[in-house]
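Number of protein chains: 2
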Amino acid sequence: MKLATLRQGGRDGQLAIVSRDLSHCELVPDIAPTLQAALDSWDRVSPKLAERAASLDSGNPPGDLMPFDPVKCMAPLPRAYHWVDGSAYVNHVELVRKARKAEMPESFWTDPLVYQGGSDDLLGARDEVPFGDEAWGIDLEAEIAVIVDDVAMGTNALDAGEHIKLLALVNDWSLRNLIPGELAKGFGFYQSKPSTSFSPVAVTPDELSTAWRDSKVHLPLVNRINGELFGQPDAGTDMTFNFAQLIAHVTKTRRLRAGAIVGSGTVSNYDRSRGASCLAEKRMLEQIESGTARTQFLKFGDRVTIEMFDAEGRSVFGAIDNRVVRS
Amino acid sequence: MKLATLRQGGRDGQLAIVSRDLSHCELVPDIAPTLQAALDSWDRVSPKLAERAASLDSGNPPGDLMPFDPVKCMAPLPRAYHWVDGSAYVNHVELVRKARKAEMPESFWTDPLVYQGGSDDLLGARDEVPFGDEAWGIDLEAEIAVIVDDVAMGTNALDAGEHIKLLALVNDWSLRNLIPGELAKGFGFYQSKPSTSFSPVAVTPDELSTAWRDSKVHLPLVNRINGELFGQPDAGTDMTFNFAQLIAHVTKTRRLRAGAIVGSGTVSNYDRSRGASCLAEKRMLEQIESGTARTQFLKFGDRVTIEMFDAEGRSVFGAIDNRVVRS
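Residue numbers (this note's numbering), protein chains in the order written: chain D, 167 to 493; chain X, 167 to 493.
Incorrect hints may have been included.
Just so you know, same-sequence chains aren't split out, so a pair can sit in one copy or run between any two.
Stated by the list, open to error - Below, a list of computed lysine-lysine pairs in the DSSO-like style, where the Cα atoms sit at most 30 Å apart:
hint : residue 1 : residue 2
1    : 465       : 214
2    : 465       : 418
3    : 418       : 351
4    : 238       : 351
5    : 214       : 238
6    : 448       : 331
7    : 264       : 351
8    : 418       : 448
9    : 331       : 418
10   : 267       : 465
In short, the hints are calculated from the structure, not lab data.
If we strip away everything but chain D, and leave its shape as in the complex, we get:
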């Protein structure tokens, strides 16, 4: 099933079920007022949501249908209690290092890299995204994220997969020119990773059919800048750590509570013909090839679109389609 959060009610919006073809939706206040409320009691609530979704997709639903409009969507979780983003496409990390002529430690192939993101202000798929200064080096990062239920401390990768309840697309906006100074301080990202955008809907893994296997999404993640195709790397290829392994890593010293979001990091393929999921990667390739990065970062007014299509060409999550604006 597909779930969205409509911008009405309070800060957490209202939970809606969305038809598989993304044409219609239905509020479900009688089942759960918000997506977080549904996740808090997922085992009890999700069968009811699934039943309603089946009815919605049957073409003969009993409830009040509305046309589904992504403009009315907040992020599926407009605010979440935990947002940890991995860097599972190690090929991307290797490239970052290569561009600055640094060796990548061998351990990066076996020990996942993650960072903790801010989650009190997650952005909707059609929101304007405000930045203070173009000189900060505004960049997209097209990713996939999973949303889990309660996961115990010390959960291993074999057991972690069953905690994945929903998936969504993510634009993990990055401020490239703030990163070097911030990482040099040694405490990781903060100012350089502002609020993150999410797809209009989050979906249960079964919506991906056989494209969801080995805790990976085996479909291209398509991103466009101002309507022009920029990259479509396959999310199932070159993903060194799958989502189950990422969850096992993050629960080594803590438990995760229902609604925690775990991201894949920028999707990246060795096959350069697939393009990239961020401008930084294109710039690094230019740097390595010619000594100069020619591609510019984003400007105010630019539009960034991220979408994923199934084998039949149907949009799975709807499109992230944000415009970069001056704050």
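With chain D held as given, fit chain X onto it using these hints.
What follows is chain X alone, placed relative to chain D:
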């Protein structure tokens, strides 16, 4: 006023007003079910809470009083949407560097250091705190945190102070032996900063009277290990960045939403007679003085107590009093 969250109802507990002397409390479901709900509408809700608190402290309250028992407390926000911790006592950072014979950049005196913490699982003042392995190097970090309402992107330090609605004490548990490997990877803390403990109550700034000035708390923060005094540095001394400056730093590229928690980092004084707020600092001093750190990290069964007393010797926040246990 003093506010607590009692362990009843759902994952967010139930909001209670606590008497100034910490002897009694009263649930206030008619005003706000949870602390997050109160913070979501603070301007509207807080006058009602203040009125009820005044009545509670008058000795002649109208409602149903209960004895206040910190054992029944969850963290004031058992889960929060944002937890960012500063390192405002730069003296402490300087010492960390000195112990490993590294220079501290001059910019550390003018550009705050912060890290993003996990906030889906904040621990209560009397909870057992589980860790997988003593070899991880279990340490306390006694701190102060503020809780804000909505803060706009680009808020400057002059305006930031008015957004501070509540204060609490924090034990920002740290796993010292996981830190070097994690920081070497370049993305900051994650596994090395597990769930954080909070004091039984959060208080409005006026509860601190004149000890709250310049966006700092001018009182000693007392910590004990297994009942023995370990440190009582003054939180108002040697705090290079006050809370308003920390908030200005963290809102440079993002807004903060109501209920975001901003921490001070380990309280630390140049005056070594005040002791330390973490074992690491004592170990660094030993390392610098004698070449060897003799003090051991915490063991399973150890108790860590953190408390702050006003000028009349009354506990302001109640005591954090956690036992370290094997997970």
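Structure-based check of each hint:
no.: 1; hint: 465 x 214; verdict: neither (45 Å within a copy, 46 Å between copies)
no.: 2; hint: 465 x 418; verdict: between (40 Å within a copy, 18 Å between copies)
no.: 3; hint: 418 x 351; verdict: both (25 Å within a copy, 17 Å between copies)
no.: 4; hint: 238 x 351; verdict: neither (40 Å within a copy, 40 Å between copies)
no.: 5; hint: 214 x 238; verdict: within (24 Å within a copy, 34 Å between copies)
no.: 6; hint: 448 x 331; verdict: neither (33 Å within a copy, 45 Å between copies)
no.: 7; hint: 264 x 351; verdict: both (21 Å within a copy, 15 Å between copies)
no.: 8; hint: 418 x 448; verdict: between (34 Å within a copy, 27 Å between copies)
no.: 9; hint: 331 x 418; verdict: within (20 Å within a copy, 34 Å between copies)
no.: 10; hint: 267 x 465; verdict: within (28 Å within a copy, 43 Å between copies)
Comparing the model with each earlier hint shows violations of hints 1, 4, 6; every other hint is respected.
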